[in-house]
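Student: Here is what each chain is made of, one letter per residue.
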Amino acid sequence: MAERAARPGPGTAEVFVRAPGAGLAAAALRARGAGPTGAGPVGGRGLCGEPARGFAPPQPGLAAAMIHSLFLINASGDIFLEKHWKSVVSRSVCDYFFEAQERASEAENVPPVIPTPHHYLLSVYRHKIFFVAVIQSEVPPLFVIEFLHRVVDTFQDYFGVCSEVIIKDNVVVVYEVLEEMLDNGFPLATESNILKELIKPPTILRTVVNTITGSTNVGDQLPTGQLSVVPWRRTGVKYTNNEAYFDVIEEIDAIIDKSGSTITAEIQGVIDACVKLTGMPDLTLSFMNPRLLDDVSFHPCVRFKRWESERILSFIPPDGNFRLLSYHVSAQNLVAIPVYVKHNISFRDSSSLGRFEITVGPKQTMGKTVEGVMVTSQMPKSVLNMTLTPSQGTHVFDPVTKLLSWDVGKINPQKLPSLKGSVSLQAGTSKPDENPTINLQFKIQQLAISGLKVNRLDMYGEKYKPFKGIKYMTKAGKFQVRT
Amino acid sequence: MTDSKYFTTTKKGEIFELKAELNSDKKEKKKEAVKKVIASMTVGKDVSALFPDVVNCMQTDNLELKKLVYLYLMNYAKSQPDMAIMAVNTFVKDCEDPNPLIRALAVRTMGCIRVDKITEYLCEPLRKCLKDEDPYVRKTAAVCVAKLHDINAQLVEDQGFLDTLKDLISDSNPMVVANAVAALSEIAESHPSSNLLDLNPQSINKLLTALNECTEWGQIFILDCLANYMPKDDREAQSICERVTPRLSHANSAVVLSAVKVLMKFMEMLSKDLDYYGTLLKKLAPPLVTLLSAEPELQYVALRNINLIVQKRPEILKHEMKVFFVKYNDPIYVKLEKLDIMIRLASQANIAQVLAELKEYATEVDVDFVRKAVRAIGRCAIKVEQSAERCVSTLLDLIQTKVNYVVQEAIVVIKDIFRKYPNKYESVIATLCENLDSLDEPEARAAMIWIVGEYAERIDNADELLESFLEGFHDESTQVQLQLLTAIVKLFLKKPTETQELVQQVLSLATQDSDNPDLRDRGYIYWRLLSTDPVAAKEVVLAEKPLISEETDLIEPTLLDELICYIGTLASVYHKPPSAFVEGSRGVVHKSLPPRTGSSESAESPDTAPSGGPAADQPSVIPTQGDLLGDLLNLDLGPPVSGPPMATSAVQMGAVDLLGDSLMGGSGGSFTPAPSTTAPTNVGAPLGSGLGDLFDLTGGVGTLSGSYVAPKTVWLPAMKAKGLEISGTFSRQVGSISMDLVLTNKALQVMSDFAIQFNRNSFGLAPAAPLQVHAPLAPNQSVEITLPLNTVGSVMKMEPLNNLQVAVKNNIDVFYFSTLYPLHILFVEDGKMERQMFLATWKDIPNENETQFQIKDCSLNADAVSSKLQGSNIFTIAKRNVEGQDMLYQSLKLTNGIWVLAELRIQPSNPSFTVHPTPACSHPPGAGGHVPAVGPPQLLVVLVPAPLSLSRGEGGTAPVGTAEAHRGVPTVKRCPRGIP
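Protein chains in written order, with the working numbering: chain H, 586 to 1068; chain P, 55 to 1034.
Keep in mind that a hint or two might mislead.
The calculated lysine-lysine pairs, modelled on DSS-like cross-linking and capped at a C-alpha distance of 30 Å, are [to be verified]:
1. P:K80 x P:K99
2. H:K995 x H:K948
3. H:K753 x P:K132
4. P:K336 x H:K1063
5. P:K89 x H:K781
6. H:K753 x P:K336
7. P:K220 x H:K671
8. H:K953 x P:K376
9. P:K381 x H:K995
10. H:K1028 x P:K376
11. H:K753 x P:K81
12. H:K671 x P:K376
13. H:K1028 x P:K478
14. P:K99 x H:K753
15. P:K413 x H:K948
16. P:K81 x H:K785
17. P:K83 x H:K753
18. P:K478 x P:K456
19. H:K966 x P:K372
20. P:K99 x H:K1063
21. P:K185 x P:K286
22. H:K1005 x P:K413
23. P:K381 x H:K843
24. P:K99 x H:K927
25. H:K948 x P:K381
26. P:K381 x H:K1005
27. H:K927 x P:K413
28. H:K890 x P:K260
29. P:K83 x H:K781
30. P:K413 x H:K843
31. H:K785 x P:K326
32. P:K336 x H:K890
33. P:K381 x H:K953
34. P:K132 x H:K671
35. H:K995 x H:K1056
36. H:K1063 x P:K413
37. P:K413 x H:K987
38. H:K781 x P:K182
Think of the hints as simulated: they come from the structure by calculation, not from any bench.
The shape of chain H in the complex, shown without the other chains:
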């Protein structure tokens, strides 16, 4: 629209006189490239997933805060909280979001970036809540999305769970926290340690004490860590029991094809720490096989230079729980697949009864037990019901959502768990086109499937002897078996 306003002058429209025959010439041009798409693109631009809607023009003059406002929206489309860091943006802007929400078949499929005439809406969906940020100028979307995830993490940290009810119950604290996290749209304090010093998390005890003494849950001192060289740690930490625990947790993402061979497999690993140490401890953590870790992301406390040169993690830890590093192992030969699924699923063409049989067994488990096994599979729409018998565990088939889930429990290598039975199809429908994919969940304690092992943990800078512990665990991430 603005382009029109910038036209050179009102008289311009009549400038170029259309010569006789011009229209004809154009038509001839068109006729020559008479293929269905002319010389157009193959396959169409649609693959790029571009939104159909036009572009929202972020107005350069008004370019301002990175994150303008935040709306929290529940699954049924109610805005139950709004926070504005600059001027108030009318909640009608969310109508564009609701439109997108309606179009998407499931909540997970709502696109994370939605353009509107004057704003952009960036959203994340977690804990059945949409966190919708409104931005007006060109900002890095990852910046906003990362921040939104950080908001969710903070809520979870403060209240234990993050849900609509708990947010409503603590709306004032939520509001205060949001105000501390952003100033003018710029992140201000996002470290949970610092936030908790500024705004104390609600506890039953504190509520009672506050009511009696009239004190508040807002800290009135500048958090000490915020500007020091180690902003993630406050000074003057004191514990009677000094302990440092590290959990090495690995998740396997894999796609296994019909015949049981691996299509892709990768490991997402993290080392989560719970460190409760007095004073300013300086820790080093070394691995037996650090070469496994070639793709790592560190907590800011880790000294990167030291890692580069010696492959040793050296850091002053934050106080309490934090994620020390996350890593990614994708080299195929390094990823062991700890379980296999034998399946025999057939929807017979002629009769309305099909056969269904799956067996789960251990594969490369390094002698450890596979437990917490859970099998889920989305059946085709034409499946009416399933009559199945498990050799162990319990199973449920939901005839409405067509979701089959089987809680297997532990795998005993001597007696492999199996689930057998028949499938009844809707009469008169043809054989389903799609084959169900089997989704697997499991846990293996005391094993990091990549083979990563911590060598030793040392502490410098403090005199006392801490208690140290390392735990390993392997879990299924997105582990899928095609049938």
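With chain H's structure known, arrange chain P on it following the hints.
Tutor: The following block gives chain P in isolation, referenced to the frame of chain H:
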């Protein structure tokens, strides 16, 4: 007891109740009441009526209460500005508080209150806080400057806050540095021309140091700022890369992506032979892969960016195909992006794997995804030639499934495969024809009809098949109708004997019964072609079609390069440059990748100047393509009509038009002061800058005989013209004007059939000959053309005066751009006025038509100036020396007969010239009347219409030095006039 109780107040008299509680004596009750107010605010209820009561609670020692009141204030101050002023005192007091937390809180909140009256009071406390001893306060104050700038930019500049902010970049605390960078970036965004973030090796070094120490968010600001820097050579680029690389291991994905942007950009400068280049390539892959294990929303943004990176540097991820395989529970938006990248990475080495995956996807539940998967198979066939056969057989397998939408998609892509590999896979046509009846989507029907028409000679019953479609002709969509029309005409040309009836039927359906002009036009053309010259019809309709290639899906290289500079931004998500969605072209700085070279020379050349620097002034003046589009839609691209009949009147009109609004007809003989003040400035600007060009005598001496020629500038960037780049300049040589053009083909296909056309303009400039490009322009080829111009075109006053709108056509499309031509190309050779006439004219020029400005840094003496100006047809009429200053009196005449007189004062000790151009107007007897002069506020312009009988001077051809323009500084002082 939870906060939900705050929502459970009784509906009736809610506000009244709260009011009472807010005014309670009990502290605790007050606080509870404020909490209730805040709770109502969070759900969007209007509680602004409580403003005075809440503000009364502000003066308290209780920090929580204070914060709550501040929260309220920020929300409602704007709606109650008069009330908000009540809070100012408390703010100012809090800014002096010994507790830094309170000082910071106060300055931060004040910045959020967007009320003019309050911002006035903010300046002093803010100044103190920017220099506060506590870094926490300083960092908060830095952001506050950005807030204030958003409310009142002038105030921030006047108060010198910008300089203080720049100083903060050197602060000892990394957090303060990061916030200062963030604030400066934000301010710079709204003032793209201001050189706020003056990046030089020293400041870059400071930023790199702060990068290691500040928070993750600060790192993003700093990295984005670094990306705008242009290293002076490859060594500097490498050293920055080395210091940025550790950021790739950051846990925050936004930091990672910003680091990737810096590396992708600076890599451009590194030589590919360098070991470091290879190392860097290897280091880029793992972090990109890791981004894909993050939350789906992050994955989506990452994938959109990876899509760009893969196109720019496929080598980075060529071994990582598998991470893009789709998991069945990925959100649909992630699935589609992964699919797209899979095709981009597909190569002979991995095609088997990719095809197996795609076939798997084609049996999924989600219809949209299945369709895209089928299309992807077709794209693979077109991209990897060796796999075409396998792809076709996969598609045939899918057709056998008889799943309706799969079949339809498959037919659409098979049509594309036919167009890529003609006469290779026609054996499958039989199978396709079997599915004719199940096609219900227009695209699939159109594709099928195209196939039948294209291969009509091989399909025995082609006429029957097409006839069956014809029955419901009017119910079909336009796409199908057009296709059917073309297909039947093709059929007729191939088998004329059996299909005469059919073709007549379709032609009459298309031309007589249809309301669609496209269809009707096409129908008429075919009809006429067939009836007049069947041979020609055959040549047109059955012409060989260009092969399609995978490249049609790629982003144009120039656009891709620009987008690489925007990695991590919204532009990268939408694959469009910000200029495409920022209104108007003002305010957008084009970013470009640095050239691959180590020499510092090229990095400093204006074309590759750092993107943060001021863009050339043209883009801000010239309307964008879009503006012109509407106006020029009716453009005829035939050779220009240069008929003499209109010429005379056009010139007359030109003089009149030039005067714009202040036109006073041809009636009286008296001067009329210009009533308009807006139009004249526009006359002045081009004239002034043009003179600046001519006077710039410091540059090298031109070798051409003729007037000053400006260096070529890019008029039409390739991005806006589907790969055609046009740069050029204007020149005047021995009485003829020409436009020197360089056309460069930056697209992937050959360009031909060039034509050019001008819009009406102030001086009637028009091409004197058609645009001659002899051979088609191959990709990456350039051609230089000199287009002769004349001034007999039709005339219309443009804004600015020397604006020229141009349309260029080639075989691809028609493109529009506009440019400013230097006025001196219009100075004619007989522009020397007779002395007496000059004197008489000069005296008659009214004062308000006079202006004056200075040309600086010009170290030539009067004679040299005089001879140089003569080269550009500005003639010296007289010269005198007054008090040691040389005075030159000059005249020039424009092509439309308007005279301009000027006085030039040269102070020997001072290299600045004062020009006093007084475009002249005389009233010689017999003239049709005086055209009144437009009096710009500063430039004195007196205009004389053409039909004057003035004496002619000799045309000179001395060379004139060229260099960039120094615009004279206008002064208000008037200098004495008159000739000795």
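Student: Confirm or reject each hint.
Tutor: Against the structure, the hints come out as follows:
1. P:K80 x P:K99: Between P:K80 and P:K99 the Cα gap is close to 26 Å, so the pair holds against 30 Å.
2. H:K995 x H:K948: holds (14 Å)
3. H:K753 x P:K132: holds (27 Å)
4. P:K336 x H:K1063: holds (27 Å)
5. P:K89 x H:K781: Satisfied, since the Cα-Cα distance of roughly 20 Å is no more than 30 Å.
6. H:K753 x P:K336: The given pair, whose Cα atoms are some 48 Å apart, is violated under the 30 Å limit.
7. P:K220 x H:K671: holds (24 Å)
8. H:K953 x P:K376: Since the Cα atoms of H:K953 and P:K376 sit roughly 29 Å apart, the hinted pair holds (cutoff 30 Å).
9. P:K381 x H:K995: holds (26 Å)
10. H:K1028 x P:K376: holds (24 Å)
11. H:K753 x P:K81: holds (24 Å)
12. H:K671 x P:K376: violated (44 Å)
13. H:K1028 x P:K478: Answer violated: H:K1028 to P:K478 is near 53 Å, above 30 Å.
14. P:K99 x H:K753: holds (15 Å)
15. P:K413 x H:K948: holds (28 Å)
16. P:K81 x H:K785: holds (20 Å)
17. P:K83 x H:K753: Within the cut-off at roughly 21 Å; holds.
18. P:K478 x P:K456: holds (24 Å)
19. H:K966 x P:K372: violated (38 Å)
20. P:K99 x H:K1063: Violated, because 43 Å separates the two Cα atoms, which is more than 30 Å.
21. P:K185 x P:K286: violated (34 Å)
22. H:K1005 x P:K413: Satisfied, since the Cα-Cα distance of roughly 28 Å is no more than 30 Å.
23. P:K381 x H:K843: Holds, because 15 Å separates the two Cα atoms, which is no more than 30 Å.
24. P:K99 x H:K927: Violated, because 58 Å separates the two Cα atoms, which is more than 30 Å.
25. H:K948 x P:K381: holds (22 Å)
26. P:K381 x H:K1005: Since the Cα atoms of P:K381 and H:K1005 sit roughly 26 Å apart, the hinted pair holds (cutoff 30 Å).
27. H:K927 x P:K413: Since the Cα atoms of H:K927 and P:K413 sit roughly 22 Å apart, the hinted pair holds (cutoff 30 Å).
28. H:K890 x P:K260: holds (19 Å)
29. P:K83 x H:K781: holds (25 Å)
30. P:K413 x H:K843: holds (13 Å)
31. H:K785 x P:K326: violated (54 Å)
32. P:K336 x H:K890: holds (19 Å)
33. P:K381 x H:K953: holds (28 Å)
34. P:K132 x H:K671: holds (11 Å)
35. H:K995 x H:K1056: holds (20 Å)
36. H:K1063 x P:K413: holds (21 Å)
37. P:K413 x H:K987: holds (24 Å)
38. H:K781 x P:K182: With a Cα-Cα distance of about 29 Å, the restraint between H:K781 and P:K182 holds, given a limit of 30 Å.
The structure shown violates the earlier hints numbered 6, 12, 13, 19, 20, 21, 24 and 31.
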